[in-house]
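Engineer: One letter stands for each residue in the lines below.
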Amino acid sequence: DVKVTQSSRYLVKRTGEKVFLECVQDMDHENMFWYRQDPGLGLRLIYFSYDVKMKEKGDIPEGYSVSREKKERFSLILESASTNQTSMYLCASSTREKLFFGSGTQLSVL
Amino acid sequence: AQSVTQLGSHVSVSEGALVLLRCNYSSSVPPYLFWYVQYPNQGLQLLLKYTSAATLVKGINGFEAEFKKSETSFHLTKPSAHMSDAAEYFCAVSFGNQFYFGTGTSLTVIP
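Line by line, the protein sequences are chains A and B.
Just so it is clear: in the first sequence, position 89 is 89 by the numbering used here, and no numbers are missing.
Just so it is clear: in the second sequence, position 13 is 13 by the numbering used here, and no numbers are missing.
Simulated from the structure, these hints should not be mistaken for lab results.
The beta-carbon is built from N, C-alpha and C at its ideal position, and this holds for glycine as well.
Be aware that one or more of the hints could be misleading.
Mimicking BS3-like on lysine-lysine, the simulated pairs with C-alpha atoms at most 25 Å apart in a straight line are [claimed, not checked]:
(1) 98/A - 58/B
(2) 58/B - 3/A
(3) 98/A - 18/A
(4) 98/A - 49/B
(5) 70/A - 57/A
(6) 55/A - 58/B
(7) 70/A - 98/A
(8) 68/B - 98/A
(9) 70/A - 18/A
(10) 3/A - 49/B
DEER-style ranges, computed between Cβ atoms [as the list claims (entries may be wrong)]:
(11) 111/B - 41/A: 28 to 34 Å
(12) 52/A - 16/B: 49 to 55 Å
(13) 42/B - 41/A: 17 to 23 Å
(14) 66/B - 12/A: 43 to 49 Å
(15) 17/A - 40/B: 24 to 30 Å
(16) 82/A - 15/B: 41 to 47 Å
(17) 58/B - 84/A: 37 to 43 Å
Extracted from the complex, chain A is given alone in its bound form (with noise of 0.2 Å):
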């Protein structure tokens, strides 16, 4: 079975850190993605990339940045978090006909 796979489960960090949010896939697959989940507001895509050191805006990608030096991780950066920021964040990877989702990183923003 493909893994995904997300460093934390839980973070708590303080406005204005720097937070990298990590995520690795064990299945060779091209694409990857960053999804932030809120209530209410379902999926939103944040980035998303197709190829080592490409990167392509989703729909919310303000104050977010993203790096993928090597095909299996890609990374999610906060440069200065803000409260706003709280939320949980989902990786994926993807064949052309499914994604395969980590089991997520619930970041708190203090």
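We have chain A; now place chain B onto it with these hints.
Structural biologist: Same frame as chain A, now just chain B:
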């Protein structure tokens, strides 16, 4: 443009009753359609998918969905709800390499 609309952010059913979760999509080309389920404190897992084969798709845990092109719908059903079905359900459409999600429906099962 591709989008997904889930009607009803909260649905409650009695144990043993029919489950019906509604999803309508818009897509400029024949879509791939998906239902994902998220149990409490877990990530999303695929329940079922439609990829232009049979219009009635069977998934895990007794769920199924029917693709109706004329109605642009892909509603999720289960004949008899079980307590373990309580979860958040997301409908999604894919186009190219992108996936677009609905806002989710929270299913409560009443004993």
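Engineer: Each of the hints needs a verdict: does it hold here or not?
Structural biologist: Taking the hints in turn, this is what the structure says about them:
1. For the given pair, residue 98/A sits about 16 Å from residue 58/B by alpha-carbon distance, which is consistent with the 25 Å threshold.
2. Our distance criterion of 25 Å between C-alpha atoms is met by residue 58/B and residue 3/A, whose separation comes to about 24 Å.
3. Simply put, residue 98/A and residue 18/A have alpha-carbon atoms about 32 Å apart, too far for the 25 Å limit, and the pair is violated.
4. A hinted pair counts as satisfied when its Cα atoms are at most 25 Å apart, and residue 98/A with residue 49/B qualifies at roughly 8 Å.
5. Using a Cα cut-off of 25 Å, the hinted pair residue 70/A and residue 57/A holds, with the two alpha carbons roughly 19 Å apart.
6. For the proposed pair residue 55/A and residue 58/B, the alpha carbon gap of about 35 Å is over 25 Å, so the pair is violated.
7. The hinted pair formed by residue 70/A and residue 98/A meets the criterion: a straight-line CA distance of about 21 Å does not exceed 25 Å.
8. A distance of roughly 21 Å separates the Cα atoms of residue 68/B and residue 98/A; the hinted pair therefore holds under the 25 Å criterion.
9. Restraint check for residue 70/A and residue 18/A: the C-alpha separation of about 21 Å stays at or below 25 Å, so the hint holds.
10. At roughly 19 Å between alpha-carbon atoms, residue 3/A and residue 49/B fall within 25 Å of each other, so this suggested pair holds.
11. At about 30 Å, the CB distance of residue 111/B to residue 41/A agrees with the hint of 28 to 34 Å.
12. Checking the proposed 49 to 55 Å range against residue 52/A and residue 16/B shows it holds: the Cβ atoms sit about 51 Å from each other.
13. At roughly 19 Å, the beta carbons of residue 42/B and residue 41/A sit within the given window of 17 to 23 Å.
14. Separated by about 44 Å at the C-beta atoms, residue 66/B and residue 12/A satisfy the suggested range of 43 to 49 Å.
15. Checking the proposed 24 to 30 Å range against residue 17/A and residue 40/B shows it holds: the Cβ atoms sit about 28 Å from each other.
16. Take residue 82/A and residue 15/B: their Cβ atoms lie about 43 Å apart, and the range 41 to 47 Å holds.
17. Against the hinted window of 37 to 43 Å, the Cβ-Cβ separation of residue 58/B and residue 84/A comes to about 41 Å, which satisfies the hint.
Checked against the numbered hints listed earlier, the structure breaks hints 3 and 6; every other hint is satisfied.
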